[in-house]
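Enquirer: Next come the chains, spelled out residue by residue.
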Amino acid sequence: MEAESAPPSLETSHAVPSETIPLSALHYGEHGMVIRLIGGRMVLGRLMALGFTPGARIRLIQNYGRGPLIVRVRNAHIALGRREAGHILIHKEVV
Amino acid sequence: MKHPCAEGALCACSDVCVPPALIALAGQPNVGKSTLFNRLTGLRQHVGNWPGKTIERKTGAFIACGRNCQIVDLPGTYSLTAHSAEEVITRQFILQEHPDVVVAMVNAALLERGLYLVAELLALEAPVIVVLNMLDVAQQEGLTIEPEVLAAALGVPVAPLVATHGQGLSNLLQIIEQMSHGQRADHPKLPQIQADHQDAFNALRRLITRWTPPGYPESWVALKLLEADQEITALMQARLPAGRWQAVQELLAGHEDAPVAVASGRYEWIGRMLRAAMTHPVPGQIGVTERLDQWATHPWWGLGLLAGIFGLVFWLTYTVGAPLQKILELWLVAPLETAAKANLAPTWLARLTGEGVVAGAGTVLSFVPILAIFFAVLGVLEDVGYMARAAYVMDRFMHPLGLHGKSFLPLCLGFGCNVPAVLGCRIIESGWARRLTIFLAPLVPCTARMAVVAVLVPALFGASAALVSFGLMLIGLTIMAVTGIVLHRTFLRGEYTPFIMELPLYHYPNWRVIGLGVWQRTLAFVKKAGTVIVVASIVIWGLAAWPDGQPEHSFLAMVGRGLEPIGQLMGLDWRLLVALLAGLAAKENAIAALAVVCSAQEGGLAAMLATHYSKASLLAFLVIQMLFIPCVATLAAIRQETQSWSWTLGSVAFLLAVSITTGSTVYWLAYWAGF
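Protein chains in written order, with this note's numbering: chain A, 393 to 487; chain B, 531 to 1205.
Because the hints were derived from the structure by calculation, they are not lab data. Incorrect hints may appear among the rest.
Pair by pair, the computed Cβ-Cβ distance ranges are [claimed, not checked]:
| id | chain 1 | residue 1 | chain 2 | residue 2 | range |
| --- | --- | --- | --- | --- | --- |
| 1 | A | Arg458 | B | Ala993 | 36 to 46 Å |
| 2 | B | Thr1008 | A | Glu422 | 34 to 44 Å |
| 3 | B | Trp1041 | A | Gly431 | 38 to 48 Å |
| 4 | B | Leu822 | A | Glu422 | 17 to 27 Å |
Partial selection, computed: residues in chain A whose CB lies under 8 Å from chain B [unchecked claim]:
| id | residue |
| --- | --- |
| 5 | Leu429 |
| 6 | Arg433 |
| 7 | Val435 |
| 8 | Leu436 |
| 9 | Met440 |
| 10 | Ala441 |
| 11 | Gly443 |
| 12 | Leu481 |
| 13 | His483 |
| 14 | Glu485 |
| 15 | Val486 |
No residue lacks a Cβ here, since even glycine has one placed at the ideal position from N, Cα and C.
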């Protein structure tokens, strides 16, 4: 079993930089990268199976400030409630 | 020796008969599993339930290069952790039934995400073949995938496919046949947990080795423990001696982020697999789906679009369906009824067959055109991908009721008939949300109830008929909303299901899938509702015909008279009460029953009612029949889907209370208003 090197820009979970924001804070067209996930086992399991793991790149498709939002992750469009989006902490990326 | 091959199947074997190969069809939702399943099995499929659950189970038979195969369509899941019944069913099937081949279907346009489930399937040490479906869609998105490179990287066969056109099907069948004979020696390259947790994984494996259940791969069990899988955790806690279990718990407690490490490990593996096999297009392109969604999921435009689309659905249903319904009644049901009455003796048998059986069956049959069209239009919307957007747009209105947008489709089906609405609640994942939606479904005005409205309202309310009809429809929906809100704030607090929903790409409708869906839903209606309606019609007919054939003296009339004290609260006399009770067999029966007890022809019924009853009474009657206990067929469906008599009887009690209260209020308000 060979050792794997972690992807270059992945933050380890115990070092949380100050610019980490919840996914719900992204605006239309902005990009982000998933840093960390917080929350219960079951919600996290579902989010990760859909592609929200540390290192995943996200583009925000729709966010009207209230109600659910739509993001693009791993080529798919996922609709998330605001509370669920709050479980995902990201770094905003400039593309 | 008796031929054990499937009856009617083309058999190519000469002397040695082999049992059919067991094929499992797995995949994430919206990858086109149904399309492949239908292509392979055609009508040789059977729809049932997984034992003890209300999750649909489809099995079928087909032939792969002369080899008989039995295929089971596993529920669509994104992963195989014990978060939902679908995931548990899928993995238990693979672990316990040992299928000869597991066909893992992925959407080629979503390959990166789709391989997540493949990673889980490979960890189960199942014989997997990866089917790359929707290659045409992937091409449109600008993705190029090389199946052979992917197969070499994965270590399992990869079959490209465009299921909607059948391209690649013969290649897939060949590989399935080879795999079923064990003619392939595949060595899949399994995903590993992330490097920083590798030691924990190894230690865990050492702790559980030889204590795992037979047939369960040890690595898989270790991974599931690290993922905090509830079922496996409980299983190992029971199997491991106390000392070992404690060591396991300490290990897990020290690695609380292990689930993320496991998931990340899978995506790392996926990344390696795809590095050589797939090329991405230039990012930044906005596809058709996204453009359409700017309207379809807009908070306001999306709602407008939804209203418009549903207006179209109802318009189509009634414009095409109503004439068909009349034709059926005129050319099939009425002649049968007259023939039965004319040619059967004795009289009671003639009347039983004519007015009971034929009339009851006729009721069911006459609704088939309307329902079939309704299901077809909804089926198109579902297949194209629009219903996911409808659920998204409706979600914020469902929240105060404690529901999610996913409850929207089943409730919509209720506009056609409450039975498929109740059955359709299976797509709702949370148990409480499902039961609540089932509880509220009877309040959706179905075509049968609207049929009663359509007969009575125009003659009674003339100019304001449209307004009154619309108001009656709204009453049921308003009460549904109020009930949901009240229940959510009182009894069902704290029950929260996460809103996470994939919006699949829009695509051209697949007529085969839609056609089969309409067929199955309509057949289910005829079988479930139909049989109950015919029996109930006969019973009601019997109660109305005996003891002496005069409706005024019948048992049914006696019951009606007995209930008159309550009826007076709502302005209903025994005749109207009898009609209400007759509606328990099938809502539209209320009309026929009224005609019988008023000794009138159905054509002149409305006019006659207008002379004998006040508008207030009739209005109350119409309101009550909208909210009353649903027909027996719906009750049977509720009982079946909730698996509980208390919920069913509770539903009855609730609707009784609601209808009596609202009916009385409407009656007295109308009375005082001078109607």
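Enquirer: Flag every earlier hint the structure violates by its number, smallest first.
Expert: Going through the list in order, the structure violates hints 12, 13, 14, 15 and respects the others.
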